[in-house]
Structure formats: structure tokens, C-alpha cells
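**Q** Given next are the chains, with one letter for each unit.
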Amino acid sequence: MGAMDTRGQTFVQRLSCVPESNGGLTAFRRAALEWVSEHGFPTTRDEAWKYTQVSPILDIPFTPAQQGMDLGLSPGWIDQHAGRLGGVRLVFINGFFAKGLSSFEDIPQGAKITNLASVEGSFSQSLKDQPNAFTALNTALARDGAFIQIPKNVVLETPIHLVFVSGTESEPTMSHPRSLVVAEAGSTATVVETHLGAATGTGRYLSNAVMDVALGEGAVVTHIYVQNEAETAFHLSHLGIRPGAGSRVTTHSVALGGRIARQEVKVMFNAPGAQAVLNGLYMPMNKQHIDNPTAIEHIAPQCESRTLYKGVIGGQGVGIFDGRVVVHPGAIGTDSSQANKNLLLSDTAQANTRPRLEILADDVKCAHGATVGQLDDQAIFYLRSRGVPVQVARDILTLAFADEMLNLIPMTALRSHVRERAMLRMRAEAQEVIG
Amino acid sequence: MLNIKNLHATVGGRHILQGLNLQVGEGEVHAIMGPNGSGKSTLAHVLAGRDGYEVTGEVTYEGRDLLAMLPEERATGGVFLAFQYPVEIPGVGNLYFLRTALNAIRKQRGLDEFDAMDFLEFAKAQMKLVEMDPSFMNRSVNEGFSGGEKKRNEIFQMAVLEPKLAILDETDSGLDIDALRIVASGVNALRRKDRAMLVITHYQRLLDYIEPDHVHVLANGRIVQSGDKNLGRQLEAQGYTGLNVPVTAG
Ligand SMILES: Nc1ncnc2c1ncn2[C@@H]1O[C@H](COP(=O)(O)OP(=O)(O)OP(=O)(O)O)[C@@H](O)[C@H]1O
Ligand SMILES: [Mg+2]
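Sequences listed follow chains A and B, in order.
In this text, residue positions in the first sequence follow my numbering: the first is 1, and each later residue adds one.
In this text, residue positions in the second sequence follow my numbering: the first is 1, and each later residue adds one.
Hints in this document: simulated from the structure, not taken from any laboratory.
Check before you lean on any hint, since a few could be wrong.
[As the list claims (entries may be wrong)] One side of the interface only, derived from the structure: several residues of chain A facing chain B at Cβ under 10 Å:
#, residue
1, 246
2, 374
3, 377
[What the hints assert, rightly or not] Heads up, incomplete: computed chain B residues facing chain A, CB under 10 Å, no partners named:
#, residue
4, 49
5, 72
6, 81
7, 84
8, 90
[Unchecked claim] Stretch by stretch, here's where chain B covers chain A in the computed footprint (C-beta under 8 Å, at least three residues):
#, stretch
9, 91-99
10, 400-414
Even for Gly, the Cβ is constructed at its ideal location relative to N, Cα and C.
All chains, full assembly: derive it from the sequences and hints.
**A** Right under this line is the structure:
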């Protein structure tokens, strides 16, 4: 990133002014905005953005999304498109909390689950860090998001579901949902984050989401992220995880939507003996571009990280896995593995895979690998020879490839919901091939 | 029901089938024997519709031009191939796979589709025929199956899909003595007046169980000799070199 060019400046100016905050956060927000003007937007010369050009985004005259849009939403629509998981569900429309669509059933004793606008002060720590220009913009311009605090030793039985719906009826708009999950020592929680395009007004919008997850000592957090934005939309998200000593975090990322989408997961192992499992599935079809950077910093000793991402890429889609594991000096006993497997469904589909490993410590165990392949012709013929039509045979084999990831998603209701969404994407691809 | 005239097949620059002629009547069982590399599996693949072959000649099946049909159309039309090397399909459950296949065939025949429960009952009954353990239904298609288990699975599939023309490509290879008896009696049980079979084998042993109506020798991409079941015994005794035809390996 370098100083900001005029295109970047115009982009930022259109997004207008920093919201007034309570709790002295306005200063953080202003600092974040200054950071953006100083550093500018990333280019493909920045290693972490090597595969995703931001210029198509900067060229669109986005203005801030306004509060109070209804976009044809109802609780039933949310059930259908985001899944009905039971328990707490917070719904945000274009980054603004939509109380009427949310439900606060079964909030466990002592847990604090609310929206950011009401507890901004709790975010001060997470607002200080600026991983890149878009997260900084989020810091400066976020209007709302979720705040979840699980007290010490509390075990949440039901998942907390955060649903971010975006859409625009006319002009291109941008929103910046900002969320924070604090799982205190010994607590256990599951957070589901769904991003999707609205029932109506699925035009050009940009959802620029940031979520931070802090785990106390021995906490256990499962994070499931389902990105099913409109295919005309842009989506950028950053999930920052800070595992405490001996804590365990598992993330499942399923990226289906967006014209250009980039969902980054970053894990900072600052405390010893923690474990992170990062699972991902991405399915760019048609002309979609879906980038999945992961960054795992092993700073403390005896931590373990396991990354497995799979890509199913059809049409003229571009799928990217850009995994970076850094084992810092002193991070002895680190155990890390990274794998990426891609399935190309067409001759024009493209997979970029780059599992990277930088080892600066001794006594570590690290493995990484990547594959890119196509459907097995012999298996297709075997299925067809039993009477299965060729497109169904292809779908069955594609789904079998994706199932390795989908089957890892906990909770049957969510798993079957996500699987159905993935199948719908595949069908869209199949139509493309036939028509 | 099956009439093959002057069939040629070329793949990877190799001219494998070189003017093959064969007629199979309804309900007949034909055995095809022949040296390694003579083109037996190629014939089976071409009949089942595998692509990648340059094919010329004429094949009519129940009066239809078989070569113009897609593999799935041939299957729903009653053609079944028990593969010499059944394919492993990780992640696709055996039960789901076979129900999908059967329902595609039933749809074609104007029958109601089976739901998961009904199908399970039906499948269990068919598994008994080849003494297959029902636990195989929960596994991925052929994944991790032993050679013999894969062959049983092929015959089990045949029992479920009820073809009109079954092509068994070396279904006896890799079976132990007991399994051979079980699979062969399974095949015998599936023998019907309206079900023809093309049994490709190297061993008379299988033909002792499944008595064929006709035995053919395929060599150099052609049927070079045909006879009744006694031809198999003769070959077993004398080998292909005992035949009065030029046979070159590969
Ligand atoms: N794709 C291919 N490219 C080149 N040669 C091939 C190809 N497929 C088959 N062949 C060759 O064609 C010949 C016939 O093969 P085929 O599998 O039909 O023999 P077969 O009679 O079934 O032999 P076996 O008894 O060993 O099973 C062999 O020499 C084989 O190597
Ligand atoms: Mg063969």
C-alpha cells in the first residue's frame, strides 16, 4: 500500500463523514480514516492482495447505505435464506440492526448479546488495529454490528446467529458491519455469521464486514461463516481471532456469493497451547471471483493450526486460496498443516493456490500441500453406465467433493441449509453449461 | 436383440476392434474368451458407451442404433456392464448411488420412484443373492472394497437394476473359490428368458457354473471362432495356440 491516489480519495470522500461516537471512540475512528489516506488502498503488488484487484471496487461510486430500508424482508424470509437455527438471532440490514427481525430467545444467564451501537466502548481494543485499508474504513465508518460476551465458564447450548442482509434499490451503497465476540475463560460458544443479498434490491452493493473474536484461557469457540451475497455484489470480510492459552477455535467458511468476494481469516497465537482449525469451501461460478486469504501467526509456543480449504470452481470463475503461516522465533513445538484442494468444473475456471509457510523457529512440525483437479471421467462414466444422466452424475461427484467440508459443519439444520445453498449454486452453473 | 456388424474401435492410435461381428438373441448367454489384450474389455466399453473411442460399424439393440445412444440411455434401455475394474467413488454412498440409478431407470420405464426406505428393503433382499453384508450399503461406492467385494457389488447392482442385456467383464477374476460359487449362482439366479448375457471370462470354471449357449473366441479384435459350451472346455485343454487361427499377443 502506498499514499492514496485520487481515485482512492474520491472513493473515501463519497462515503462521507465519521459517525459521532460515545465513549471517546471518535478519535479511533478519525485515526483509522487518517490511516487510510496515509496508506491508500492495496494493490496487487501487496502480497496479501496479489490475486484480487480492488480497482473495480474503487471505480464504483458507493455511498453510505441508509438506515431503515426494508428490502422485502420478513422473519420467514430470513428463516428460508439464512436457516432457522433456534436461539438468538440478530439481523442487520445494510449494517444497521433490525430489531423487528431479530429474536432474543434463550439468552443464557450472564451472556451479553447486543448490537454495537449500544456498547461501543467495548470495541475500543479491537478498533485500534488496522490490518488493511478496508478494515480501517470499517473502523471509521461502522454504524452497527453484534457484540457478544460469554462470561467465564458459561457453555452456550444453542448457536448465536448473526444475519447480515444487504441490498440497494438504486445507487450503489456500502455498509460496514462490525462485530466483536469475547469468549471469556472456560466458556464455550458457537457463532454463525450469514451474509446475504436481500429479497429485493440485489443491485451493486459492497458489504465490508469485520469481526473480532477473542478467546480467554481454555475457551472453545466454533465460528461458521456463510457468504451468500448477490452475484452482482461485492463482499470483503475480515475475521480476526485471538486465542487465549489452551483455547480452541474452529472456523468453517463457506463462500458462495459475490461478484468479487474476499474473506480473510487471521489468527494471532499470542498465548501458548492453543489450537485453531480453519475449514473452508468456496464455489465461484459464472464470473465470480472469490479470494480466501488465511494468515496464521504462531508467536507463542506449542500451538497447533490446521487449515483445509476446498474450492469448486465453474464457468469463468476464479477461486483463490492464499494461506500464510508464519512460525515466529520462539514458537517452538508449533504444529501446523495447510491443505488446499480445487475442483475445476470447466475449461475456463481458474484456481490460484498458494499455501505459504515461513518458519523462523526450531523444533516445529509443518506440512502444506495443494491440488487442482477435474471430475474423474471414469467415475462419471461409471455413474452414467448405471443410468444416471451426465449432469446429475457431475453434480453428484461435485457435491461429494464439497461434502468433505460440508460434513464438518456442526448442527444438522445448518449443515443441510448450507448444503442446499451450495447445490443451488451448482445448478446455476449446470444451467450455464447446458444453455 | 443385439446385432453387431463390422465393429471397429480405435483409441490412442491403436486399432483394437477390427471388424467384429456378433449376434445375441433374447435370453441367450454368450461367453467370450480370448487372450489378454485382444479387445474384450474394449468391446464391453464400446457397448456401454464409454467415450474416447473412434467407433465405426453397426450395433443394433432391440432394433435401435445403440451407438447413437448416450451411456445413460443405454442403461435405462436395459444395458448393464459389470466392470472388469469397478471404479471407486469416494464420498458417494453406495445406497444413494444405486437408488439414484434405479430411479432413473424406473422413471424411464414409467414406474414410481423408490423412496429411501422402500429402496433399502428392496436392496437388502438383493444383497442376499450375492451374500453381501448390508454394511456395504453405507460405504462409499467401491471405496476400499477388496477385489472380490467389488465384483460382488457389480452383480448386486445387476440384481437391483434388472437389465435386459448384461455384459459381465471378467466378473470371476479375483474371486476366491467360495466367492466364485456364490457370484456364479447369483448370476444363474438372474438368468431369465428375457435377459441376455455376454460373459467375458478367461476360465472354464465359471462356465461350469453358468452354462453358456454359445462360446466365442475373440482375438486381434475379431471373433475368430464360435461354438457351443464344449469350445470352452477345448480351449481350457489346448489353449489359444491350439486354435487354428493366428493369435498375436497385445
Ligand atoms: N486408451 C488406450 N490407449 C491405448 N491402448 C489401449 C487403450 N485402451 C486399451 N488399449 C489397448 O488395447 C488392447 C485391448 O485392451 P482390452 O482392455 O480391450 O483387452 P482385454 O481383451 O480386455 O484384455 P484382458 O484379458 O487383459 O482384460 C490392449 O493392448 C490395451 O493395452
Ligand atoms: Mg479386459
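**Q** Which hints from the list above does the structure break, by number from lowest to highest?
**A** 1, 2, 7, 9
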